[in-house]
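Trainee: Sequence:
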Amino acid sequence: MPESDLPFEILSRIASYVFNDGKLACMMTCKRWKIPYQESVWKTLQIDFMEELEEICTTAKNSTSRFLPYDLTTEIIHIYKLFSINKLQKLQVFQTFRNLKHLDIKVICFDPADADFTRYVSGLSSLVSLVLQPTQTTQRMFIPLILEILGHMPNLQKLHIRPAFLVPPIPQTIPVPGVATLNLAIVGWDPIWLYYFSFKYPKIRSLEWTNCSSEDEEAATEYTVEKKELLRSITKAFTCLETIDLYSQLYMEWEHAIFSEVLCRLHAPIKKLIYRSLGANSTENFWERIIQQFAQSFS
1 MPESDLPFEI
11 LSRIASYVFN
21 DGKLACMMTC
31 KRWKIPYQES
41 VWKTLQIDFM
51 EELEEICTTA
61 KNSTSRFLPY
71 DLTTEIIHIY
81 KLFSINKLQK
91 LQVFQTFRNL
101 KHLDIKVICF
111 DPADADFTRY
121 VSGLSSLVSL
131 VLQPTQTTQR
141 MFIPLILEIL
151 GHMPNLQKLH
161 IRPAFLVPPI
171 PQTIPVPGVA
181 TLNLAIVGWD
191 PIWLYYFSFK
201 YPKIRSLEWT
211 NCSSEDEEAA
221 TEYTVEKKEL
231 LRSITKAFTC
241 LETIDLYSQL
251 YMEWEHAIFS
261 EVLCRLHAPI
271 KKLIYRSLGA
281 NSTENFWERI
291 IQQFAQSFS
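Mapping the sequence shown onto the numbering used here, position 252 (from 1) lands on 252, and the numbers just tick up by one.
The set of hints was computed from the structure by calculation and includes no laboratory data.
Be aware that a few hints might be false.
Unchecked claim - Mimicking DSS-like on lysine-lysine, the simulated pairs with C-alpha atoms at most 30 Å apart in a straight line are:
#, residue 1, residue 2
1, LYS43, LYS106
2, LYS43, LYS61
3, LYS106, LYS87
4, LYS87, LYS61
5, LYS158, LYS90
6, LYS81, LYS101
7, LYS106, LYS158
8, LYS81, LYS228
Work the whole structure out from these sequences, hints included.
Mentor: This is how it looks when you write it as structure tokens:
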């Protein structure tokens, strides 16, 4: 059977495993492929910016398609940047996507004006999964508001509330000066590990560290301003560190630059440095700067 004659059900199943860029190409490949791949694009929306969500909502509201009602096709929405309840309200997200089943907002903030939000979410009977992470500054008002909202989600089966980024306990952590060697393998790397180690292992001499970005988008973290300031607040740490063996599968330049920025600023007494990188999206000039930073700091 030629690919152009594959049944709709099989095409839909295949489309669910194809990245969005590939789905758009497949839509143009064959007339029979357009609907299943277009449906797959609309079924799961991944949003980075408010403008992007606004454009998608406008398209869904104004659609006249008889074959693919966008407002009913979308079942899953992932929002990766900071969003507020107010923004969702203005865009009428829940009224637009009436068959929404899964909503995941990586970082959400609240405002006192959101107290009447419950009137806005009264139609969320389709939602079965909700994942939220409130910002640290809005956690206090989050609890009563989310309890009120849950009363309007009769079919909700999964609720996952991620804790906001909290670091106050780390400086009070009990140090373990007896640990001289660390051998670590971390998936889903977060730069705050360095902040933790600076308090936990004050006498560490050898660090062997394998780290990589997580393939799970939910576990991926950003180098936020708050985390950057925390690392810069370290004034004395790694005073005994002599050997570093790093094997990195990180992709972004900032993920690599963290090591050099922290260790070079603290003038750790490094005598042996091994740095192996795989899959980094970096230029030769970037690595030249990193090497120069280490050389100037340790010479």
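Trainee: Indicate, hint by hint, whether the structure satisfies it.
Mentor: Cross-check of the supplied hints:
As the CA atoms of LYS43 and LYS106 are separated by approximately 19 Å, the hinted pair is consistent with the 30 Å bound. The suggested pairing of LYS43 with LYS61 holds, with an alpha-carbon distance near 15 Å, which does not exceed 30 Å. Pair hint LYS106 plus LYS87 holds up; C-alpha atoms about 14 Å apart against a cutoff of 30 Å. Annotation: proposed proximity of LYS87 to LYS61 holds, straight-line Cα distance about 17 Å (limit 30 Å).
Simply put, LYS158 and LYS90 have alpha-carbon atoms about 26 Å apart, close enough for the 30 Å limit, and the pair holds. Distance check on the hinted pair: LYS81 and LYS101 sit about 20 Å apart at the alpha-carbon level, within 30 Å; holds. A hinted pair counts as satisfied when its Cα atoms are at most 30 Å apart, and LYS106 with LYS158 qualifies at roughly 16 Å. A C-alpha spacing of about 18 Å is found between LYS81 and LYS228, which places the hinted pair at or below 30 Å, so the restraint holds.
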